[in-house]
Amino acid sequence: MKCQNCDKPATFHITELTGGKPQELHLCEDHAREYLSQSTSETENVTSLSMAAALAQQMAVGQTAEELAKLDKQMCPICGISFYEFRAQGRLGCPNDYTCFETQLDPLILNIHGELEHAGKTPKQSSAYSQKRTRLIRLRREMKEAVKDENYERASELRDEIERTTRGDDS
Amino acid sequence: MELNDLTKKSGAWLKGVGPESDIVISSRIRLARNLADFPFVSRASDEDLAGVESQLHGTVLAIDELKQLLYLDVGKLQGIDRQFLVERQLISREHAESHGARAVAIGQDEQFSLMVNEEDHLRIQGMQSGLSLEETWRQVNRIDDLIEQKVTYAFHDKFGYLTACPTNVGTGIRVSVMLHLPALVLTKQIDKVFRSLQKISLAVRGLYGEGSQAMGDFYQISNQVTLGRSEKELIKQVGDIIPVITDYERQARGFLVKESHENLYDRISRAYGILRTAQTISSEETLHLLSSVRMGVNLGLIDNLKISTLNALFIQTQPAHLQKLTGTELDTTDRNIERARYLRRHLSLKHDPDGPENN
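Quick note, the sequences are listed as chains A and B, same order. Here the numbering used here is used: the first sequence runs in plain steps of one and ends on residue 171. Here the numbering used here is used: the second sequence runs in plain steps of one and ends on residue 359.
Source of the hints: derived by calculation from the structure; they are not laboratory data. Incorrect hints may appear among the rest.
With a cut-off of at most 25 Å between alpha-carbon atoms, the simulated BS3-like pairs for lysine-lysine come out as follows [unchecked claim]:
1. B:Lys324 with B:Lys8
2. B:Lys158 with B:Lys76
3. B:Lys324 with B:Lys76
4. B:Lys158 with A:Lys121
5. B:Lys324 with B:Lys9
6. A:Lys144 with A:Lys132
7. B:Lys192 with B:Lys236
8. B:Lys8 with B:Lys306
9. B:Lys324 with A:Lys124
10. B:Lys199 with B:Lys188
11. A:Lys132 with B:Lys150
12. A:Lys132 with B:Lys232
13. B:Lys192 with A:Lys121
14. B:Lys150 with B:Lys192
15. B:Lys199 with B:Lys236
16. A:Lys124 with B:Lys150
17. A:Lys132 with A:Lys121
18. B:Lys306 with A:Lys121
19. B:Lys236 with B:Lys258
20. B:Lys199 with B:Lys232
21. B:Lys8 with B:Lys76
22. B:Lys188 with B:Lys258
23. B:Lys158 with B:Lys258
24. B:Lys232 with A:Lys124
25. B:Lys9 with B:Lys76
26. B:Lys67 with B:Lys8
27. B:Lys324 with B:Lys15
28. B:Lys15 with B:Lys236
29. A:Lys124 with B:Lys158
30. B:Lys236 with A:Lys121
With the C-beta cut set under 8 Å, the calculated list includes, among others, these residues of chain B facing chain A [claimed, not checked]:
31. Ser42
32. Ala154
33. Thr167
34. Gly228
Where is the CB? At the ideal position from N, CA and C, for every residue including glycine.
Same shape as in the complex, but just chain A (with noise of 0.2 Å):
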């Protein structure tokens, strides 16, 4: 295969991440150094440690456009975000995206803060309780669309749930 910008052999393919969709490059050493050298300048100005770049870093390893795009399109079941938007826009939709993007998240959180396990205070409550709360986005996202689709049945199904998760909490 050959460089994208010249006649040479392409040595090195990188995955570009920064911008939207994953994008596949296909350089020579010495364009590919140019082009390194372009990005890594421009992260050496960010005095804090974007989240953009974190990922960047990453993933640019060895993942191929196809691979990342099936990643991409993993998505939460409480909140619906997708793993694409959670990238493209740098925060995360809820609390249980931590759980379902695990697998994804472990290598960027240990980019960022060179630790994967939490050893500050925690809260009295437990954080099976905390997660037991998380499913109440659901179930309001899910009355809400039902209220939209005109499926007031279904809604007011979902709002005694609500309902029952709320007071059931308290007991």
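Based on the hints, put chain B in the right spot on chain A.
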């Protein structure tokens, strides 16, 4: 307490007291928290945001120690009042400019503020004058415990307190110390300091936080890592490096006094002279000159001027503060005239009983 009451005084963190206060302006600690049963702010609908705001407002009112806080609906404030709160470091610029239901609860003497629906559902922030990280943490930790009794925080066994951005996950703590480093800037050593701080995962920012320029030679040093270490360890990491930097700054000041005393004294005198006599002056120039004057006071080259007066001037000459003090909207030209008038009044050699800190 009302918003307009704040104009009449300066926050306690400006008083210029506390350890190392010749160089350390303030210590700040903020905790990021989210409720378990709502989406994070960027994904939340208007109803969700209103729900979070309503729940947290109710929580604040239900806690004895917090119910007398000044609670403000940021969305309903006028632009000038929002800008005022940003200048005062009580809310971030992002909070002032975003949309949806959001609020801030301000404690007495402005020693702490709670932001509702900024990047996360709740940000608890404590501020003290000088290098006082332990006392600040004690206060912030207590407020977190009180609120946690009444709500369910989003929490994960492995990842800790869950935040909208993974850069804050775990402890959700940001420890910052604001320093005044004019000598390191003058002797062109400030870049060296930044680079060595970056090597130990500490971030350096300007006067108003993320992305701001270093105006007036003020720099905020804070932790970058929030996961995998305890809150006390992260606080210690920042706290331990501060004496190293203050020493470095004092050495640089000592060097300037010894090697170029006349130049230094001239620079400070000119700055003081301009501030006391100019008829019109921009806020950039004001910050720049006040920085020299502040160093002059620290070095004993200027008498009859208190650090607390100076600290207050930094804030009171900012655009929204000036307009609130005069009670009118002013365009840039008029602000520059008003600013000059304000400075002449408070820096005049005549004894000024109503210092700007009481204004």
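To see whether the hints hold, each was checked on the structure:
For the given pair, Lys324 (chain B) sits about 10 Å from Lys8 (chain B) by alpha-carbon distance, which is consistent with the 25 Å threshold. Our distance criterion of 25 Å between C-alpha atoms is broken by Lys158 (chain B) and Lys76 (chain B), whose separation comes to about 39 Å. Our distance criterion of 25 Å between C-alpha atoms is met by Lys324 (chain B) and Lys76 (chain B), whose separation comes to about 17 Å. Among the hinted pairs, Lys158 (chain B) with Lys121 (chain A) is consistent with the structure: their alpha-carbon atoms are about 12 Å apart, no more than 25 Å.
With a C-alpha separation of about 12 Å, the suggested pairing of Lys324 (chain B) with Lys9 (chain B) holds against the 25 Å cut-off. Between Lys144 (chain A) and Lys132 (chain A) the CA atoms are separated by roughly 20 Å; this keeps the pair inside 25 Å, and the hint holds. Between Lys192 (chain B) and Lys236 (chain B) the CA atoms are separated by roughly 22 Å; this keeps the pair inside 25 Å, and the hint holds. Among the hinted pairs, Lys8 (chain B) with Lys306 (chain B) is consistent with the structure: their alpha-carbon atoms are about 18 Å apart, no more than 25 Å.
Under the criterion of a C-alpha separation no larger than 25 Å, the hint pairing Lys324 (chain B) with Lys124 (chain A) is inconsistent with the structure, at around 44 Å. Between the alpha carbons of Lys199 (chain B) and Lys188 (chain B) the distance comes to roughly 19 Å, so the proposed pair stays at or under 25 Å and holds. Only pairs whose Cα atoms come within 25 Å are accepted, and Lys132 (chain A) paired with Lys150 (chain B) is accepted, the gap being roughly 16 Å. At most 25 Å may separate the alpha-carbon atoms for a hinted pair to count; Lys132 (chain A) and Lys232 (chain B) exceed this at roughly 30 Å.
The hinted pair formed by Lys192 (chain B) and Lys121 (chain A) fails the criterion: a straight-line CA distance of about 35 Å is larger than 25 Å. For the hint pairing Lys150 (chain B) with Lys192 (chain B), the CA-to-CA distance comes to about 47 Å; that exceeds 25 Å, so the pair is violated. Restraint check for Lys199 (chain B) and Lys236 (chain B): satisfied, since their Cα atoms lie roughly 17 Å apart, inside the 25 Å limit. A C-alpha spacing of about 11 Å is found between Lys124 (chain A) and Lys150 (chain B), which places the hinted pair at or below 25 Å, so the restraint holds.
This hinted pair checks out: Lys132 (chain A) and Lys121 (chain A) have alpha carbons roughly 20 Å apart, not beyond 25 Å. Distance restraint check for Lys306 (chain B) and Lys121 (chain A): the Cα-Cα separation of roughly 41 Å exceeds the 25 Å cut-off, and the hinted pair is therefore not satisfied. Our distance criterion of 25 Å between C-alpha atoms is broken by Lys236 (chain B) and Lys258 (chain B), whose separation comes to about 34 Å. The straight-line distance between the Cα atoms of Lys199 (chain B) and Lys232 (chain B) is roughly 21 Å, inside the 25 Å bound, and the hint therefore holds.
Between Lys8 (chain B) and Lys76 (chain B) the alpha-carbon distance is near 22 Å, which keeps this suggested pair within the 25 Å criterion. Only pairs whose Cα atoms come within 25 Å are accepted, and Lys188 (chain B) paired with Lys258 (chain B) is accepted, the gap being roughly 17 Å. About 55 Å separates the Cα atoms of Lys158 (chain B) and Lys258 (chain B), which puts this hinted pair outside 25 Å; it is violated. Of the pairs offered as hints, the one joining Lys232 (chain B) and Lys124 (chain A) holds, with about 19 Å between alpha carbons and a cut-off of 25 Å not exceeded.
At most 25 Å may separate the alpha-carbon atoms for a hinted pair to count; Lys9 (chain B) and Lys76 (chain B) meet this at roughly 23 Å. The straight-line distance between the Cα atoms of Lys67 (chain B) and Lys8 (chain B) is roughly 22 Å, inside the 25 Å bound, and the hint therefore holds. The suggested pairing of Lys324 (chain B) with Lys15 (chain B) holds, with an alpha-carbon distance near 21 Å, which does not exceed 25 Å. With a CA separation close to 24 Å, the supplied pair Lys15 (chain B) and Lys236 (chain B) stays within the 25 Å bound.
The hinted pair formed by Lys124 (chain A) and Lys158 (chain B) meets the criterion: a straight-line CA distance of about 16 Å does not exceed 25 Å. With a CA separation close to 16 Å, the supplied pair Lys236 (chain B) and Lys121 (chain A) stays within the 25 Å bound. At its closest, the beta carbon of Ser42 (chain B) sits 4 Å from a beta carbon of chain A; the interface hint therefore holds under the 8 Å criterion. Annotation: Ala154 (chain B) was flagged as interfacial toward chain A, and the flag holds, the nearest CB pair being 4 Å apart, inside 8 Å.
Checking Thr167 (chain B) against chain A by beta carbon gives a least distance of about 6 Å; that is within 8 Å, so the hint holds. The criterion of a C-beta within 8 Å of any C-beta in chain A is met by Gly228 (chain B), whose closest approach is roughly 2 Å, and the hint holds.
Figure legend: structure checked against the earlier numbered hints; hints not met, in rising order: 2, 9, 12, 13, 14, 18, 19 and 23.
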